[in-house]
Amino acid sequence: MLRKDEAKTNRVVRKIRTHISDTYRIHRRMLRNRRDAVEDVIFDRSIAPKLEYDIDERVYDIHELLENWRTTAPKKAEYQRLFLLLFRAGGTWSGMLRSVIAARLNGKVPTELVQEFGTTEIENLTQTPIFAGEEELLNKLHKILQQASEDGDKIELLKIVVLYRFAEQFQLQSFRSDIKKLQERVKQRIDRPYTDDKLPKIVIFTSFTKTCSEIVKQLQACFGEKSVVSHQSGKQRTVIEKHLNQFKSDPNCFILVCDQSGEEGHNLQFADWMIHFDLPWSPNRLEQRIGRIDRIGRPIKVDFTLFPGAEIDDSPHDAWYRLLKEGFQIFDKSIASLQFYVEEKLTQLEAILFASGANGLIEQIDIIQTEIKSEIVKINEQNVLDEIDFHDENASEYWKALDDYDAKHKEMERAFGGWFLQALRFQETSNPNNPEIRRYQPTTRTLVPADRIKSVFGRSLTNSGTYNRRVANVTKSIHLYRIGEPLVDAAGLLRSSGMIEDKLLQCGVPKKHGTNPRVQSGSVFRFNYIVETNLELAKQILLDTGEDKTKLKNLQRRTDALLPPRIESIFVDARTEELSIVEDEALLSILQRPYFGKKGKEFRDYNLSKGRLAVLNEFIDASKWENFCRNARQNSESLLRKCPKFVDICQQSASLTQGKLQNRLNQLRLRLEQLQTKQASTSLLAEELKNETRLSSAILQGIQKPSMKLDSVGFIIVAGHKPVDFGERMIKN
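In this text, residue positions in the sequence shown follow the numbering used here: the first is 1140, and each later residue adds one.
Do not take every clue at face value.
[As the list claims (entries may be wrong)] Once the Cα atoms are required to be at most 35 Å apart in a straight line, the calculated DSBU-like pairs of lysine-lysine come out as:
1. K1692 - K1781
2. K1549 - K1517
3. K1547 - K1326
4. K1549 - K1319
5. K1381 - K1547
6. K1381 - K1279
7. K1593 - K1472
8. K1387 - K1215
9. K1848 - K1781
These aren't lab readings, by the way, just hints derived from the structure by calculation.
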């Protein structure tokens, strides 16, 4: 059904997109600069495709007849669309053009043509009246296409190009003059490879499913059935995934042929060679093809070959290639940020192709270069309005600080790795080839039950990772340890669940001995709270407005940027019946100093393990221990919220946040005023401004009174005696 109404659907989608872009806060241009925003990890594209022109002797007559059709056809929209159809079909395997011409002549349309071009275009093909002299031209074309090529059609050229590549790799150049013998030798080498032979991974793109099937059929006949797989429309998803895995992992499967269904959603960077059997009419689709191997943070190390059609001065297909290369400069840099300009320009180019042919396309090269420069200026101007953070006077300092923080991967390693190794008692295994790559694994000493490890961490423990972004960028299959990475997120889930709290209580009860004589002996709790924005009210507002769960995640990220989650620690004095915050500087200096074990000279701290738990009885009656801890826990949060220092931090954060939220609201008001000036529809934007005002108020309240989640607890006894002294005294008594 999508194919049937494709043209109509596309028009409706464009109208919806335009309406949204004119009324919604996130303008379409805002999303065009993802690559510009990470230019430090973008490598120059600089693709220099090797061109392979047609060897088919029929192309000259075909070109002349198509040019005659173009110049004699009525200058009407339906014939313009017809010529574009002929142009597209003429740029690929000759069987496609033969089928299109046959359908035009007899009105009979095979299902495959509808699947290739869509119902609207095929209806135009069969229902548009045949003009005077057209039938004679088409009959001549059809007769030529029915005759076999003496020198070989485009697929034969493809086979020769691939065979020549193997001839060079396998040192078989002496057989290049005899293609049949070369094919036999290459096939023998593929079936019985030498020890050091490594077959190149070749990706072949075509715009048409029928062409894809024909290429697969002929290449399998040449190189063997197991050597070639496909990604094409009509295949089940399981079959496609099987083919992709086979191409990636099986060294004997070295050719992947893709129709337009393979242009998106796959990382093919491991490929060695990309061949464009034909060029799509949409430059955005060509960008998608190249994007399969041009990935952010990775250099391009792939050979490119392109089949631009006949080597004729006024060839429209060669002119189209030049327009893509010199006008859009698609082989030098990504045009992803220009996708909407490109779509709008295609309508003009279609008319120019019909009116002026190859020369018209060539004349557009300089014009497109100028228009792209102007479009980039518009994008940059729009970003000033759309990118909210840029209105913040501290934005540049923020991004610089973020970049500097990301560079401090050693500090991240000490924090995250230290927690894994020391708190959870995991084991770290380093990669022998690169010590910055490591893997964390549980051991018998790990302080988390095995079933809990399995449910929380899952397969994330099988991944190797690094804290250094540069190492991750240049090393395949290595994870970068940052928020969003499965292991890091699993660790955060474990920490926030309170699963390890009891374990920490068991192992974290030090007794500090050798104290200041002015400090009264006794017990102190340490509570560590994770403090972050309270989102209960803000989440309810989103739910009331009908937003989905993805918006809740966006809200979390947004508030984390406004008030980064942090750990706040509080010492609660349990030496008196009325619990209070420890404020005595002498006592705080003891509580905050590092743990000194056996190596401590002036001071010695003891971990109150099971053998020393009797010491607790000197301070708390065993029957009252549970209520004692519960009471301290309940009072600790209240004490922290009332702490003047904590209150001051919340007020400062709220003050900074209020300014940023106000900038956001001002931006929405400005966009609303602009639309009102243009007399455009403003209802959606007005509703968004209303919701954003409510949401901003809720966020501000959530920062003024943040949520507090208990992260860990410590119980400390401060005394001037060793634990054994208490034990001996209890025995004597």
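Taking the hints in turn, this is what the structure says about them:
1. K1692 - K1781: Given pair K1692, K1781 holds - Cα atoms ~30 Å apart, limit 35 Å.
2. K1549 - K1517: Violated, because 41 Å separates the two Cα atoms, which is more than 35 Å.
3. K1547 - K1326: violated (53 Å)
4. K1549 - K1319: With Cα atoms ~60 Å apart, K1549 and K1319 exceed 35 Å; violated.
5. K1381 - K1547: violated (41 Å)
6. K1381 - K1279: Not satisfied, since the Cα-Cα distance of roughly 44 Å exceeds 35 Å.
7. K1593 - K1472: With a Cα-Cα distance of about 44 Å, the restraint between K1593 and K1472 is violated, given a limit of 35 Å.
8. K1387 - K1215: violated (48 Å)
9. K1848 - K1781: holds (16 Å)
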